[in-house]
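Taken in sequence, the protein lines are chains Z and B. Residue numbers for the first sequence follow the working numbering, so the first one is 1 and each next one is one higher. Residue numbers for the second sequence follow the working numbering, so the first one is 1 and each next one is one higher.
Bear in mind the hints are in silico, worked out from the structure with no lab data behind them. Keep in mind it's a predicted model, so treat the numbers as computed, not measured. Where hints are given, some of them may not hold.
Example chain B residues on the side facing chain Z (calculated, C-beta under 7 Å, incomplete) [what the hints assert, rightly or not]:
#1 95
#2 100
#3 112
#4 115
#5 231
#6 233
#7 239
#8 240
Backbone N, C-alpha and C fix where the C-beta goes; we use that ideal spot for every residue, glycine too.
Given next are the chains, with one letter for each unit.
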Amino acid sequence: MPHRTRFRLFLIIFISLFLVNPSLRAGQDLHWVWAVKDARIITLAGPPIEKGTLVIRDGLIEAVGAAVPIPADAEVIDGAKLTIYPGLMDGLGQSLLKLPEEKLDMTRISSGEFTDKDRGVTPGLNAFDYVNLGKAAFEKYHKLGFTAGHVMPDRGVFTGRSALFCFSDPDKNKALLLKDVCLGIGFSPSNFMAYPSSLMGVNAYLKQALTDAVYFDRAMSRWLKEMKGLQRPEYSPNFEALAGYAAAAKPVIFLCRNQNDVRRSLSLAAEYKLDYFIADLGGEAFEVLPELKNAKARVLCTVGFKPPGSSLYAQQGKAEREKAEKDVYPKNPSRLADAGIPFAFSSLGTDDPKAFAEGIQKAIEAGLPKEKALEALTKTPAVFFGLNRALGTIEPGKIANVVLAEGELLAKEMKVRYVFADGNRFELKEAKPGEGEKPTVNVTGKWEMTLEGGMGMKLVVDFVQEEAALSGKMTTPFGVFEFTGGTVSGNSISFEMNVSVGGQDLDLFFSGTVEGERMTGSAVQGGAGTAEFTARRIPG
Amino acid sequence: MKLKTAAFGIFAALLVIALSGRLPAAEKTVLLKNGQVITVSGETIAGGDILVSGTKIVKVGKGLAAPAGAEVIDLAGRWAMPGIIDAHSHIGLEGDVNEMGALLTPEVDCRDVINPKDINIFYALTGGVTSIHTMHGSANPIGGKGIALKMRWGKSAAELVFEGAPLTSKWALGENPKRSNMSGMGPARYPRTRMGVEESIRDEFEKAKDYLKEWAEYEKKARAARYSKGKITPPLPPKKDYHLEGVADILSGKLWVRCHAYQSEEMLSIMRLCREYGVKLVCFEHGLEGYRITNELVQYGVAIATFEDFWGYKWEAYNTMPQAASLCAKRGVLVAIASDDAERMRHLFNDAAKSVRFGGATEAEALRMLTINPAKILGVDSRVGTIEPGKDADLAVFNRHPLDPFAVCEITMVDGAVYFDRAKYLEERKKTKDEAKKKVPEKKDGGEV
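Can you make the complete structure from the sequences, with help from the hints?
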């Protein structure tokens, strides 16, 4: 036993070394000066430099140009085959967040004692506190050219506050760009009988809460100023967290699931004079272009391209829905560009950075000019969040967030060789074919799955596994739903399924591990949270 | 989800129809010629014509000449009636129609959640429905605000709203707000009795009165402070409360109350409450036992929006009969036949016919239950509900008399624009299907080139 403990201790120290300092691993900790020579440089601050040099020192861009001398103390990278771009930025995402898992206390829920969290009211929830930066997360982003991202909790009504990070250091204190940037406002009602339990309730709740927060702020500052002769307002952490946003000192982000949400947001923003962004998560901004243009709205655009359940396409059944997913929704970004509405891309609505990048490529195929796409990943988000003096282009004095790629960035065949984030160099290795572990299990066949929670719902899943690819269908009390595109890696499975019930649209993410004839795991539903499941293979 | 399968593959056809609705109706002249015109306001005109200019009916009569440039629709003896108005509906709304999270929710508003892409709006047109009142559900003694919509399929949420129609407040009595039929859904919620339901409303009235008083006092103090030249500190205003302002709007009569109720006793007692507070109680929703209290309904001027022959689905819905609507009408109660359902909505004219066949209503009375009566309940009777010059050109054209069991709605017009034309629609649908069939071999050829 003592031997094993010591071994584990070693392991922990070993791993933490990796985590704390990725550059140490590369053995280049001491180099804070870099020069990339003979590279093509797309600065986005002027015309491309066909053959130039980029000098990076102490995390910042020191010089860039065709005739820039290479400093004596610089480590030189030959950029002859490389093109340098400003690092890409995810305008809004939440995949880097690891919110505390909370088991639902069904006794409490059924007794009707609801918390603010049950109601989706978590304006105090701070992305900074729950961000999970690390080598693995960075690598996923880096190999697609991303060096910074905007992270925000996205569940509930007041979803929480955002933060911007460079993908440069696992220490969030070092990686942080800005904290408490935006407050998320969503339109998803609570899943319980807690107010607001309906979309119309959410609207009413939002109006009252925005009013209350401003009132609280005014009453509190008045009391602090005068004290005498005034009643002291009751303290409320929620209103305190909301106040700055409700008074338009800071922007909110409306998380819009469809075009109706966009219109609701515009009218709320106008009525309560909010500073705001529209996160077009339903990808239906193209249906609201004149209104967005009129309101001078700024948009964070998804590339998920899934017609929302409220759309006429989805109401017409699977064939129409899939057709729209292919032909209509991918045009959304180009429609925004044509209308001259400023937009940045958001990874919300796509499962991982890879799907995010593929979505951007789809948008380009559907007519979005490449330079517009690049702008929506660099300059525009930098301007949106007040970082345009630090990020967005390659100019001396800005943060050294750059991408060194073989081939054109955002092209299918592009290969990112290096990224610099905060001047830290990350070298990207060629991905081995067939990412992920080889499957060690075969789940093909029927499984009986029990979803834990209030009702303990029983489902039957019919898996079809071909090597690492997983598809199948699930029989539920609401109908039979098919899924494809799942994966098996080692003994873990994961798949995503879209469920359309009564015009409502749910995306469910299942992940689990297989032990013999049993499977355990969890199902995550965007706005609703997580449900554990167990499954048992049905013999025969 | 039957609707979905039924609608499968007809998407393009729908779009065409939707787009045709977008055509500007302004100042376009249409002559509907040679039909059986059921005016509802007067006699049915055999071989009658309706002249429509822009959004309005301008002339009704026989042998009207088509003005230059007018579009002529030959009714060829078909039946034209005022567009059907469904006084009780929940379509066109996004999300749950009940705010379950609180007992009283006058602050929630259906206008915030209108979904103009709800396909049931199109289906309503196929049944000759041109206007509806869509509203909050019946889970709460005081629910949310409701609104009248016109079935302008293809238009935006704002454009669907029946301009000028009064906003309503949806109330509910009996088993639903008592949660009698909801076992295992959380803790027991006050109130559990019919008495409690009424008391919960009365309590809210008192709170709203206090709220208004608080504001009045504030205004007084603020005025005093303004004139004191800095001697009196200006008071802090009370907190704005959307919930209580909703209740105050009920007390002031700004919101018209639409009250879900089945039993005669609770209808009587809520009428007493409304009279006490001066509330504008317009209509009992369902009101299945209304035939027992017709004198009181007439006296207080409360209508019923009811089912023709749908009852017995719960304890409080037992004591009625297919004759109820007709009995009420005969005693002078304003009666509307309503759907409460996206499917029933498409054949309300069948339901009205049953009141003739089984309840002994006259045909004229039955037709009023679909048109001018609900228009009065919605407060839009100066605009719609009859075929008369000056009214909105909201029309439904049937192949037979609308009360004939084989009647099918063929054309539906809203604001002088044809939003549904069955013949065109079927043609488009066929075309789309044929094209879809053709497409498959085309693809193959393309692949080989």
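Results of checking the hints against the structure:
1. 95: Interface hint status for residue 95/B: holds (3 Å vs cutoff 7 Å).
2. 100: This interface hint holds because 4 Å falls under the 7 Å limit.
3. 112: holds (4 Å)
4. 115: Holds - the Cβ of residue 115/B comes within 7 Å of chain Z, reaching about 6 Å at its closest.
5. 231: Status violated, d = 12 Å.
6. 233: This interface hint holds because 6 Å falls under the 7 Å limit.
7. 239: Holds, about 5 Å.
8. 240: holds (5 Å)
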